[in-house]
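Engineer: Position chains B, C and D with the ligands relative to chain A; hints supplied.
Spelled out, the chains give:
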Amino acid sequence: MSDYTLETEAGRREALRRMLLIREFDTTAGERFNDGDIPGFVHLYIGEEAVGVGTCGALEPEDYVASTHRGHGHCISKGLDPELMMAELYGKADGYCNGKGGSMHIADVEAGMLGANGIVGAGPPLATGAALTIDYQDRDQVALAFGGDGSVAQGQVHEAVNLAATWDLPAIFVIENNQYGEATPVEKQHNVDNLSDTAGAYDIPGVTVDGMDVTAVYEAVSEARDRALAGDGPTLIEAETYRYRGHYEGDHEPYRDEAEIEQWRERDAIESFKERLIERGELTEAEFEEMQAEVEETIADAVAYAKDADLPDPEQAYDDMFGEPVPEIQQFASRPRADGGTEGGDPT
Amino acid sequence: MSDYTLETEAGRREALRRMLLIREFDTTAGERFNDGDIPGFVHLYIGEEAVGVGTCGALEPEDYVASTHRGHGHCISKGLDPELMMAELYGKADGYCNGKGGSMHIADVEAGMLGANGIVGAGPPLATGAALTIDYQDRDQVALAFGGDGSVAQGQVHEAVNLAATWDLPAIFVIENNQYGEATPVEKQHNVDNLSDTAGAYDIPGVTVDGMDVTAVYEAVSEARDRALAGDGPTLIEAETYRYRGHYEGDHEPYRDEAEIEQWRERDAIESFKERLIERGELTEAEFEEMQAEVEETIADAVAYAKDADLPDPEQAYDDMFGEPVPEIQQFASRPRADGGTEGGDPT
Amino acid sequence: MTAQAELEADQTETMTVREAIREALREEMRRDEDVYVMGEDVGRFGGVLEVTGDLFEEFGEERVRDTPIAEAGFVGAATGAAATGTRPVVEIMFSDFMGVSMEQTMNQMAKMRYMFGGKTEMPVTVRTTEGGGMGAASQHSGTVHAWIAHFPGLKAVAPGTAASAKGLTKAAIRSDDPVFIFENKMIYEREGEVPTDEDFTVPLGEASVEREGADVTVVATQRLVGESLDVAADLEGDVSVEVIDPQSLYPLDTDTITDSIGKTGRLVVADESPLSYGIHAEVATRVVENAFYSLDAPIQRVGTPDTHMPFSPPLEQEVLPDGDGVRAAIERIT
Amino acid sequence: MTAQAELEADQTETMTVREAIREALREEMRRDEDVYVMGEDVGRFGGVLEVTGDLFEEFGEERVRDTPIAEAGFVGAATGAAATGTRPVVEIMFSDFMGVSMEQTMNQMAKMRYMFGGKTEMPVTVRTTEGGGMGAASQHSGTVHAWIAHFPGLKAVAPGTAASAKGLTKAAIRSDDPVFIFENKMIYEREGEVPTDEDFTVPLGEASVEREGADVTVVATQRLVGESLDVAADLEGDVSVEVIDPQSLYPLDTDTITDSIGKTGRLVVADESPLSYGIHAEVATRVVENAFYSLDAPIQRVGTPDTHMPFSPPLEQEVLPDGDGVRAAIERIT
Ligand SMILES: Cc1ncc(C[n+]2csc(CCOP(=O)(O)OP(=O)(O)O)c2C)c(N)n1
Ligand SMILES: Cc1ncc(C[n+]2csc(CCOP(=O)(O)OP(=O)(O)O)c2C)c(N)n1
Ligand SMILES: [Mg+2]
Ligand SMILES: [Mg+2]
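Those protein sequences? They're chains A, B, C and D, same order as listed. All residue numbers for the first sequence refer to the working numbering, where the first residue is 1 and numbers rise by one. All residue numbers for the second sequence refer to the working numbering, where the first residue is 1 and numbers rise by one. All residue numbers for the third sequence refer to the working numbering, where the first residue is 1 and numbers rise by one. All residue numbers for the fourth sequence refer to the working numbering, where the first residue is 1 and numbers rise by one.
If we strip away everything but chain A, and leave its shape as in the complex, we get (with noise of 0.2 angstroms):
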């Protein structure tokens, strides 16, 4: 059993938490790293949260996720530790990736999570690889990819989506549809007017569903999943979207305006679920802000964490690189650093 699925009041309860811890930490991300806490770059999610998490509610534990640069979403809709994702995104010893990955790359391969990826279009043959173990094993569990509107120009998706579906593999391959690639809009990159349009080219069921709508998700996903688990290969389901943020961090945004977000903000995932949720005499006013604040609690818990956590000792650079190390490395995890040992390479 998943941990949440919206079939049951509890489930759904879940999933409004999920989105809303989605947000608060995105959120949080963004302040710290203009802070200039967080290093690197950072992707934000906020405005998608339906998508992650209505994919993930429909996937059980075991089944595996390849997501994207823009990974926070998929990891907590996932199931991931905010605590860690947060020390990762700090760059500390005890993160997922003990500082070596941070934003785009966290990963937690047992819990299922291929890893946030930095190269737009890699996850889906990732996922069609994940897909090609569990039919060689004859496992009970699907591989599901994301990718944004970007992605699908790219020849590794095509040749991930045929091998999936030539070989009827457990595969689900998820585009979130935000618009925009970066700065370029969806027109300019794709002449078709709806992606899930592409899935005719590998004759596999298409979708275009509402990703404001986390059960619209929900349902697509789970039906695909049933295909992928019945044997019937992989699906193509394109969700409708928008990031509120720029696509990083600093994005001064000139491809677009504020009535354009607006328009989205109105359709708000989060809101609209809320509102649903209290309709149906499920969750109240009060309940939320409850859940609200526990969020809240939750993300600044992470943060302290992180922000406590110790940073990685500089010799951990040459951990992790080989199963089995290799002397050309291992000549500079053991040299004396009296210099602080930022001195770069010399293998004499």
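Bear in mind the hints are in silico, worked out from the structure with no lab data behind them. What you are looking at is a predicted structure, and each value in this text was computed from that prediction instead of being measured. Ideal Cβ positions, reconstructed from N, Cα and C, are used throughout, including at glycine. There could be a bad hint or two in this list.
Stated by the list, open to error - Estimated spans, in silico, between C-beta atoms of each pair:
(1) A:G231 - B:A259: 52 to 60 angstroms
(2) A:A230 - D:D176: 29 to 37 angstroms
(3) C:E212 - D:F292: 24 to 32 angstroms
(4) A:G231 - D:D32: 24 to 32 angstroms
Structural biologist: What follows is chains B, C and D with the ligands alone, placed relative to chain A:
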């Protein structure tokens, strides 16, 4: 004006002649390869003649064509000289590529032939690029790429078609579905019934035509060319055809049987087109015999020419790497070669 | 120096590496209508690292063309376009993405001229960014120029100063050969004097002696040119350091480097490539081949110790080669 | 040698390089159910260069899997499969096609373990063929192993004999790291003695002294191992040539090579890579770094002179490094 068109009687006779020329060229190339005269690989076009000839009949001489590893038929259709082609197959200094290319790389960019290509799927991006030049310079031309059924699985084909479609470039993509990619049948490479279904992923017209019918191919390409010139973007055409010979000479063909080959031979493109011309009173049996004899002579002459021609001098191996030569290579070009010059590199 | 040369040398302007590249693009686009730029968000957005900047405003969307996220498609298209009469300048946002377009690069762009027996030119320029230092982690921090320098049929340049950034970019665009320009992203803000002459180019295959010295030669690339110059200035009086920026990685100006070793007898090679099979080994080997008997001390390599770029700053700083590494290397042999 | 070792050494069989690789695959597939092979026409067809041969008959289509022509897709899928618990062995028909899958290779396969802080293994093996000599022209004759040897996170091996072909293939499959096996297509028919012990492997990172000598060390790879051994035999009496096959390009066994130079003082490096930034330079540089004062003569490089492989036999023979080149190099320094 094209140098032949299927709209006129003379053009139709020329089309028939080119089909015969291709078949004779490739039959002979196969024999000379099996004799050991021709080094390397050869991939023969026998059986598929209607596709190349129908296609190029619909093009103008200034149009660009990007070919494949199975390129002899495209070259002849495009009007290349069989003598210089055969000389190239023989690795002679005055072959199309001065012996540097061989069967898989025959090119004549001036004549619009952007090259046979040893990489499956590499033609479409080149054609998209040629179409970009055409568009950029406002020229009145189109660019066309051939690809095999196998090439449709390549990501670079997907990327190229998507670019051309999104940018409305004057490009045409012709998929030669000869039922196999090497030893693998088309059903094991793709999940779609018709490869032209992939056009839906780009919202461009996709048609499947009888690739054993030179007129059907001609018509589809003519229409696509008009569309391209009108600024309406690319078309994807699948031509169903068959290769009578193995994937390459030497293929032991465990993947098909004689009966299958026989079935296709019954639909032979040359035979049926000849019959049609005779029926229409545009050709007599005697004229056909004469045409066949002429073609045989042409190819026999080409072989004689190729055999007779000089091999390149070893030093020519260092030419043509760059427009502006580099010392790294020049040092070899100029070194004394008393020992026969086959000693390989040493830059001191 | 002749009076004329002095006059011309005077005609310089201070600008950053980023501005120098942008001006090179602008001048070449003004000069030749067949030159145009394409890549992801290079247009109105101005490029993720802001290099194309305002070119879109001057030249419009046909000449500063945004592409879908399809490096194989647009590098392949640039190759086909270059073979048919235009001169595309492609931006690959991060050099780590070159893998997507490696097929088109290695088998088409690099080989067409040769395979066709010279029957085509290949006037295509590929610009891309390299290097660690901004916490961008392993997939956005690579230094992969050794691949292109090694692969036959491609030319590779890597500017270390604003002047070479401009001159190499212009030379690349004017060349009928495919040239890759490797821009280290940490030096876009570095300022320098740049000749204003519109015909100023840095010929492909010429190194630049950035500082003369007598005791040791540091051959440094990209960011490490500046850091090595700083170290050299610092060591002044103690050790006399000659700093050479090869500028072109392929072709590589062996003569300038070996002449220097003839003088100093000592070599440090500093480049951000991973050390094994990197740029360093080729430079070292050419010196050994051409100045074997001049060498007075073991050769020193300063580079990335065969790891990827890790995300966390202390890890990244650990593996990133820098001025301290160059100084330590100099000290080991002087 | 102990009696036991002698006994084991005795247990060999004569086979070709092709057979040795096939037997390695067979043994490892029998040993571990999670090992399977995939690639274009590797199944019933047996592989274009006939390496997988009859494996399909023994293991069936799930374990000897034909793929569409989609190197990016199936190399990427193998990466995802390796991260989730199986051990794929991928065949890329010609190494020239590696460009298609370079993204998956460089950014996923090579980096996942590191980026994830060790949170995955990557037990994937990639087999591919290299080299000129059969008139296959520029897109089917490349030698690109320097790319993989240079790129962090990948291991690269290149067998020169039937024994190393078997031992390296088995070691690669058993390794939890990504290993590329570069098979020179001209030596598939070369025969040699191969240990029959099913646990015989050639550890990654160990060179093999194929012939002992005192005057000059030839470090040779792939086809050039055999050709160098022939030259050494020919020169016997005149010059005493030590021939070392590094077997692994990365990691590279520096000690065995520098020990040999300690003895001979002279080095020839023979590898079919293009010379600039090729395998040669790294071998040379490691020797210079570790045995600088032992070197008695300039280092000699024998390789492809920075061209592609041309089609026509006299051109191809001109640029293809061979035994004559090795001999000439030896003669220049002895
Ligand atoms: C192969 C590759 N090319 C380019 C990039 C740079 N890049 C990072 S995110 C991005 C836009 C992706 O757009 P989309 O797939 O729609 O995802 P979104 O950011 O909208 O979630 C680009 C171009 C990259 N990471 N990888
Ligand atoms: C990228 C790439 N992968 C694999 C090959 C090897 N190869 C050459 S031809 C061929 C089959 C091509 O099939 P198809 O596209 O249907 O063309 P056909 O040979 O049937 O004309 C293959 C796999 C190649 N040349 N390039
Ligand atoms: Mg998007
Ligand atoms: Mg075919």
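Engineer: Indicate whether the distance between the beta carbons of A230 (chain A) and D176 (chain D) respects the range 29 to 37 angstroms.
Structural biologist: 34 angstroms, holds
Engineer: Between G231 (chain A) and A259 (chain B), does the beta-carbon spacing fit 52 to 60 angstroms?
Structural biologist: With a Cβ separation near 32 angstroms, G231 (chain A) and A259 (chain B) fall outside 52 to 60 angstroms, so the hint is violated.
Engineer: Does the hinted range 24 to 32 angstroms hold for E212 (chain C) and F292 (chain D) at CB?
Structural biologist: About 26 angstroms separates the Cβ atoms of E212 (chain C) and F292 (chain D), which means 24 to 32 angstroms holds.
Engineer: G231 (chain A) and D32 (chain D), beta-carbon distance inside 24 to 32 angstroms?
Structural biologist: 26 angstroms, holds
Checked against the numbered hints given earlier, the structure breaks only hint 1 and satisfies all the rest.
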